[in-house]
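Novice: Sequence:
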Amino acid sequence: MCTKLRIEHWFAPVCYPQYNGQVKVMNITIFTGIKKNLLATGTQWYKELDRVLWSYRTTPSNSTGETLISLVYDIEAVLPIEVMEASQPKNKNKLNPKWEGPYRVRRVIGPRTYELEELSGKTIDHTWHTVYLKKYYI
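Just so you know, we're using this note's numbering here: the sequence shown kicks off at 14 and counts up by one.
Treat the hints as calculated values from the structure; they're not laboratory data.
Remember, predicted model here, so these are calculated numbers, not experimental data.
Do not take every clue at face value.
Listed next, the in silico DSSO-like pairs over lysine-lysine satisfying Cα-Cα at most 30 Å (straight line) [said to hold, decoys possible]:
(1) K37 / K60
(2) K135 / K147
(3) K37 / K17
(4) K60 / K49
(5) K111 / K147
(6) K111 / K148
(7) K49 / K37
(8) K60 / K48
(9) K135 / K148
(10) K37 / K48
(11) K111 / K135
Have a look at the derived ranges for each label pair, beta carbon to beta carbon [said to hold, decoys possible]:
(12) K37 / P124: 37 to 43 Å
(13) R70 / R120: 19 to 25 Å
(14) T42 / H139: 23 to 29 Å
(15) E113 / R70: 24 to 30 Å
Beta carbons are placed, not taken as given, at the ideal position from N, Cα and C, and that holds for glycine.
Using the sequences and the hints given, assemble the complete structure.
Specialist: Written out as structure tokens, the structure is:
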């Protein structure tokens, strides 16, 4: 298959990551992120690893403009801060609308997760849980 697609497959020894340039660059990126977090927090490196990897996976690439998660799963990650935010801002004026929309369900992602689109067909940026959705009949 690799020959048919003109892919040159190289094997790099597992015990010597310096041999593989991409692995070396990734290791330097992770090491730099952990080092910066350790200087700020003063904790052990393994406690910072998840945070550094999450940051790396959710930061758009300079070359593609996409995050690693969106390239692998074809969906944007929901950041922890987005989960904690309320779905609707607290309105000071009772007469303001309480909901956005209407939107159409574009795709079912999971049992309670949906990708939405505007009635014009434009996709909404992130996925929505059923807690934040309300049926609307047109």
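Novice: Please work out if K37 and K17 have their alpha carbons no farther apart than 30 Å.
Specialist: Roughly 28 Å separates the two Cα atoms, so the pair holds.
Novice: Would you check the hint for K37 and K48, treating anything up to 30 Å between C-alpha atoms as holding?
Specialist: Cα-Cα ~16 Å, so holds.
Novice: Mind checking the alpha carbons of K135 and K147 for me, to see if they're no more than 30 Å apart?
Specialist: holds, 19 Å
Novice: Quick one: are T42 and H139 within 23 to 29 Å, going by C-beta?
Specialist: holds, 26 Å
Novice: Are K135 and K148 close enough, with their CA atoms no more than 30 Å apart?
Specialist: With Cα atoms ~19 Å apart, K135 and K148 stay inside 30 Å; holds.
Novice: Can the restraint linking K60 and K49 be considered satisfied, given a maximum Cα separation of 30 Å?
Specialist: Holds, at roughly 13 Å.
Novice: Does K60 lie within 30 Å of K37 when you go C-alpha to C-alpha?
Specialist: Between K37 and K60 the Cα gap is close to 22 Å, so the pair holds against 30 Å.
Novice: Between R70 and R120, does the beta-carbon spacing fit 19 to 25 Å?
Specialist: Once the Cβ atoms are compared, 22 Å apart, the range 19 to 25 Å for R120 and R70 holds.
Novice: If you draw a straight line from the CA of K111 to the CA of K148, is it 30 Å or shorter?
Specialist: holds, 14 Å
Novice: Given the hint that K60 pairs with K48, does the C-alpha gap stay at or below 30 Å?
Specialist: holds, 12 Å
Novice: Tell me if the straight-line CA distance from K49 to K37 falls inside 30 Å.
Specialist: holds, 18 Å
Novice: Between E113 and R70, is the Cβ distance one that fits in 24 to 30 Å?
Specialist: holds, 28 Å
Checked against the numbered hints above, the structure breaks none of them.
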